[in-house]
Amino acid sequence: MHETHISFYLKANRIRIFVDALRGIGSPSRICFMIEESGETLLVAPYGKRDFRSHAVPPEVYGGTGGMEVSSFKLCRIIANLHHWDLSRSYRVPGKVYPEQKAAVFKLSEAEVIDHAESDLS
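434 is the number of the first residue of the sequence shown in the numbering used here; add one for each residue after it.
It is worth saying that the hints were derived from the structure and are not from the lab.
Be careful, since some hints might not be right.
Cβ-Cβ distance ranges computed for the label pairs, FRET-style [what the hints assert, rightly or not]:
(1) Arg483 / Pro527: 27 to 35 Å
(2) Lys444 / Gly481: 31 to 39 Å
(3) Glu470 / Thr498: 33 to 41 Å
(4) Ser460 / Asp519: 31 to 39 Å
(5) Asp453 / Ser542: 17 to 25 Å
(6) Gly497 / Lys529: 18 to 26 Å
(7) Glu473 / Gly496: 31 to 39 Å
Backbone N, C-alpha and C fix where the C-beta goes; we use that ideal spot for every residue, glycine too.
Please work from the sequences and hints to get the whole structure.
Here it is as C-alpha coordinates:
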(Lines of atoms letter the chains of each structure in order from A and count residues from 1; the text may use other names and numbers.)
(Lines give C-alpha, C1' and ligand atoms only; values in the text may rest on other atoms or scores of the structure.)
Protein backbone atom coordinates (compact mmCIF):
# COMPACT_ATOMS: atom_id res chain seq x y z
CA MET A 1 0.00 0.00 0.00
CA HIS A 2 1.29 3.48 -0.83
CA GLU A 3 -0.08 7.00 -0.79
CA THR A 4 -1.11 8.92 -3.88
CA HIS A 5 -3.45 11.73 -4.93
CA ILE A 6 -6.10 12.48 -7.51
CA SER A 7 -6.90 16.01 -8.63
CA PHE A 8 -10.15 17.58 -9.77
CA TYR A 9 -9.98 20.66 -11.99
CA LEU A 10 -13.60 21.73 -11.78
CA LYS A 11 -13.53 24.70 -14.15
CA ALA A 12 -12.20 22.39 -16.88
CA ASN A 13 -14.24 19.33 -15.69
CA ARG A 14 -11.07 17.25 -15.64
CA ILE A 15 -9.71 14.60 -13.31
CA ARG A 16 -5.99 13.84 -13.10
CA ILE A 17 -4.93 10.36 -12.03
CA PHE A 18 -1.24 10.04 -11.28
CA VAL A 19 0.78 7.29 -12.97
CA ASP A 20 1.94 5.84 -9.64
CA ALA A 21 -1.68 5.02 -8.81
CA LEU A 22 -2.25 3.49 -12.25
CA ARG A 23 0.89 1.36 -11.99
CA GLY A 24 -0.08 0.34 -8.47
CA ILE A 25 -3.38 -1.10 -9.66
CA GLY A 26 -1.69 -3.18 -12.35
CA SER A 27 -1.15 -0.72 -15.26
CA PRO A 28 -4.60 -1.36 -16.75
CA SER A 29 -5.62 -0.34 -20.25
CA ARG A 30 -9.01 0.82 -18.94
CA ILE A 31 -10.20 2.13 -15.56
CA CYS A 32 -13.49 3.00 -13.93
CA PHE A 33 -14.50 5.27 -11.07
CA MET A 34 -16.86 4.15 -8.31
CA ILE A 35 -18.25 6.40 -5.60
CA GLU A 36 -19.10 4.86 -2.25
CA GLU A 37 -22.79 5.13 -1.41
CA SER A 38 -22.06 7.68 1.34
CA GLY A 39 -20.02 9.77 -1.11
CA GLU A 40 -17.00 9.82 1.19
CA THR A 41 -14.65 7.76 -0.96
CA LEU A 42 -13.87 7.29 -4.64
CA LEU A 43 -12.43 4.04 -5.94
CA VAL A 44 -10.37 3.74 -9.13
CA ALA A 45 -10.02 0.20 -10.45
CA PRO A 46 -9.12 -1.65 -13.64
CA TYR A 47 -12.07 -2.31 -15.91
CA GLY A 48 -12.11 -5.01 -18.55
CA LYS A 49 -14.46 -3.76 -21.20
CA ARG A 50 -15.16 -0.65 -23.19
CA ASP A 51 -18.46 0.95 -22.18
CA PHE A 52 -19.87 4.17 -20.74
CA ARG A 53 -18.35 3.46 -17.32
CA SER A 54 -14.77 2.93 -18.42
CA HIS A 55 -11.99 5.26 -19.47
CA ALA A 56 -9.07 4.24 -21.68
CA VAL A 57 -5.57 4.68 -20.31
CA PRO A 58 -3.27 5.71 -23.17
CA PRO A 59 -0.25 3.34 -23.30
CA GLU A 60 2.19 6.28 -23.35
CA VAL A 61 1.05 7.23 -19.83
CA TYR A 62 3.12 4.35 -18.45
CA GLY A 63 6.29 5.63 -20.13
CA GLY A 64 6.35 8.83 -18.08
CA THR A 65 6.01 10.13 -14.56
CA GLY A 66 2.94 12.35 -14.91
CA GLY A 67 -0.41 10.72 -15.26
CA MET A 68 -3.56 10.91 -17.29
CA GLU A 69 -6.53 13.20 -17.39
CA VAL A 70 -10.14 12.26 -17.84
CA SER A 71 -12.76 14.79 -18.94
CA SER A 72 -16.01 14.16 -17.11
CA PHE A 73 -18.48 16.95 -16.53
CA LYS A 74 -20.89 14.54 -14.85
CA LEU A 75 -18.46 12.99 -12.36
CA CYS A 76 -16.92 16.36 -11.47
CA ARG A 77 -20.38 17.83 -10.81
CA ILE A 78 -21.60 14.85 -8.80
CA ILE A 79 -18.57 15.00 -6.50
CA ALA A 80 -18.58 18.81 -6.27
CA ASN A 81 -22.26 18.78 -5.30
CA LEU A 82 -21.81 16.02 -2.72
CA HIS A 83 -18.98 17.89 -1.00
CA HIS A 84 -20.08 21.48 -1.66
CA TRP A 85 -16.91 22.24 -3.61
CA ASP A 86 -16.51 25.59 -5.34
CA LEU A 87 -16.85 24.99 -9.11
CA SER A 88 -14.26 27.68 -9.82
CA ARG A 89 -11.57 25.88 -7.82
CA SER A 90 -9.40 22.78 -8.10
CA TYR A 91 -9.00 20.10 -5.44
CA ARG A 92 -6.39 17.48 -4.55
CA VAL A 93 -7.67 14.38 -2.79
CA PRO A 94 -5.40 12.00 -0.84
CA GLY A 95 -5.64 8.30 -1.39
CA LYS A 96 -3.99 4.94 -1.02
CA VAL A 97 -3.18 2.29 -3.57
CA TYR A 98 -3.87 -1.32 -2.64
CA PRO A 99 -1.88 -3.37 -5.20
CA GLU A 100 -3.18 -6.78 -4.10
CA GLN A 101 -6.78 -5.63 -4.49
CA LYS A 102 -5.91 -3.66 -7.66
CA ALA A 103 -7.67 -0.56 -6.36
CA ALA A 104 -6.88 3.02 -5.42
CA VAL A 105 -9.14 4.55 -2.78
CA PHE A 106 -9.43 8.32 -2.37
CA LYS A 107 -10.94 10.13 0.63
CA LEU A 108 -13.12 12.81 -0.97
CA SER A 109 -13.92 14.26 2.44
CA GLU A 110 -10.21 15.12 2.89
CA ALA A 111 -9.87 17.19 -0.28
CA GLU A 112 -7.71 20.30 -0.22
CA VAL A 113 -8.01 23.29 -2.50
CA ILE A 114 -5.12 23.51 -4.95
CA ASP A 115 -3.52 26.94 -5.05
CA HIS A 116 -4.10 28.51 -8.47
CA ALA A 117 -0.33 29.04 -8.82
CA GLU A 118 0.16 25.24 -8.65
CA SER A 119 -2.16 24.47 -11.55
CA ASP A 120 -2.54 25.80 -15.06
CA LEU A 121 -5.93 24.07 -15.43
CA SER A 122 -7.70 25.78 -12.56
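Review point. Does the hinted range 17 to 25 Å hold for Asp453 and Ser542 at CB?
Key: Since Asp453 and Ser542 have Cβ atoms about 22 Å apart, the given range 17 to 25 Å holds.
Check your understanding: Has the hinted range 27 to 35 Å been met by the Cβ atoms of Arg483 and Pro527?
Key -> holds (30 Å)
Review point. Quick one: are Ser460 and Asp519 within 31 to 39 Å, going by C-beta?
Key: Taking Cβ atoms as reference, Ser460 and Asp519 lie about 34 Å apart, which means the hint holds.
Exercise for review: Starting from the range 31 to 39 Å, see whether the pair Lys444 and Gly481 falls in it by beta-carbon distance.
Suggested key: holds (33 Å)
Check your understanding: CB of Glu470 to CB of Thr498, is that within 33 to 41 Å?
Key -> holds (34 Å)
Check your understanding: How does the Cβ-Cβ distance of Glu473 and Gly496 compare with 31 to 39 Å: does it lie in that range?
Key -> holds (34 Å)
Check your understanding: Is it true that Gly497 and Lys529 lie within 18 to 26 Å of each other by Cβ?
Key -> holds (22 Å)
Of the numbered hints given earlier, the model fails none.
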